[in-house]
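Chemist: With chain A held as given, fit chain B onto it using these hints.
Heads up: the protein sequence lines correspond to chains A and B, in order. Per my numbering, residue 1 is the first one in the first sequence, and the count goes up by one each step. Per my numbering, residue 1 is the first one in the second sequence, and the count goes up by one each step.
The set of hints was computed from the structure by calculation and includes no laboratory data. Because the structure is a prediction, the values reported are computed rather than measured. Be a bit skeptical, because a hint or two may be false.
[To be verified] Covered, in the sense of this in silico footprint (three residues per stretch, anywhere, with C-beta under 8 Å from a C-beta of chain B), are these stretches of chain A:
no., stretch
1, 20-26
2, 32-40
3, 70-77
[To be verified] One side only, chain A facing chain B, incomplete, derived with CB under 10 Å:
no., residue
4, G2
5, F9
6, M48
7, T51
8, A53
9, G62
10, M63
Every residue gets a Cβ at the ideal spot worked out from N, C-alpha and C, and that includes glycine.
Chain residues, written in single-letter form:
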Amino acid sequence: MGEIRVLLFGAAADRAGTREVHLETPEGTTLGEVWELLAGRHPSLSEMGETLAFAVNGEYAGMDEVLSPGDEIAVLPPVSGG
Amino acid sequence: MIEITEDPIDVGGVIDSVRRPDCGAVSVFLGTTRVDESGGACVEYLEYEAYRPMADRKLEEIAEEVKERWDVRAVSIVHRLGRVEPAEPSVAIAVCAPRRRNAFAASRYAIERIKEIVPIWKREVWSDGYVWVGSQTGTRPSPKE
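Same shape as in the complex, but just chain A (with noise of 0.2 Å):
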């Protein structure tokens, strides 16, 4: 399909230990899916499991998600603000 990129923060940066991931993922790829590659790529990131957020193209999405060349994906962990 192409490339999509996976961007991570706070503590999922931390875990996976980049900032950034680029993907080449085949023609119907859901999030869920991309998840589950990430999470077998880094152990300790697929530890924070339930309490991650996901985004694409910055919005919040589910895990049935079917994701398009050039989709920016966002893993986030619990937000921490104010």
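Modeler: Chain B alone, transformed into the frame defined by chain A:
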């Protein structure tokens, strides 16, 4: 005024940005950085990061929500990024309404929503490491059992 900035927040400027002649109440909330101590260590400062431009957009959405829910005529929200020293404001919210009840309710709602949906994270930098607030991940030694 909806803004994310690395500069110190001009609180007076945030208040002035919402004052209007048709309103009798300005409610201001300031979130300030708090230092903790434990086991001989202490927090030296806090550091904030954001996912932009999503964070900017979520702040705009909150301002719109506030205006829809209450009779509020103006809303300003300014959030700090980067290093923030103890007791400095990390967020300032000013809401202007004809009457105080709506102004109080709206400013309270705004800070609670920020803590729910705006992709901003803070870490406490301690004298012996750091902790991501909310995720409790970092380099500080684990507390003794």
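Chemist: G2/A was flagged as interface toward chain B. Is the shortest Cβ-Cβ separation under 10 Å?
Modeler: For G2/A, the interface hint is violated, since the closest Cβ of chain B sits about 22 Å away, which is over 10 Å.
Chemist: According to a criterion of three or more residues whose C-beta lies within less than 8 Å of a C-beta of chain B, is the stretch 32-40 of chain A covered?
Modeler: violated (count 0)
Chemist: Go through the hint on M63/A and say holds or violated, using the shortest Cβ distance to chain B against 10 Å.
Modeler: With a minimum Cβ separation of about 18 Å from chain B (threshold 10 Å), the hint on M63/A is violated.
Chemist: Using the nearest Cβ pair, does A53/A come within less than 10 Å of chain B?
Modeler: 8 Å, holds
Chemist: Minimum Cβ distance from M48/A to chain B below 10 Å?
Modeler: For M48/A, the interface hint holds, since the closest Cβ of chain B sits about 7 Å away, which is under 10 Å.
Chemist: Taking 10 Å as the limit, does the beta-carbon of G62/A come near enough to a beta-carbon in chain B?
Modeler: Violated, because the Cβ-Cβ distance from G62/A to chain B comes to roughly 15 Å (cut-off 10 Å).
Chemist: Using a Cβ cutoff of 8 Å, are there at least 3 residues of the stretch 70-77 of chain A near chain B, or does the coverage claim fail?
Modeler: Held - the stretch 70-77 of chain A has 3 residues with a Cβ nearer than 8 Å to chain B, which meets the minimum of three.
Chemist: Per the CB criterion, is F9/A less than 10 Å away from chain B?
Modeler: 6 Å, holds
Chemist: With a C-beta cutoff of 8 Å, work out whether three or more residues of the stretch 20-26 of chain A approach chain B closely enough for the coverage to hold.
Modeler: violated (count 0)
Chemist: Grab the minimum C-beta distance from T51/A to chain B and call the hint holds if it beats 10 Å, violated otherwise.
Modeler: Holds. Min distance 7 Å.
The structure fails to meet hints 1, 2, 4, 9, 10 from the earlier list, while all remaining hints are met.
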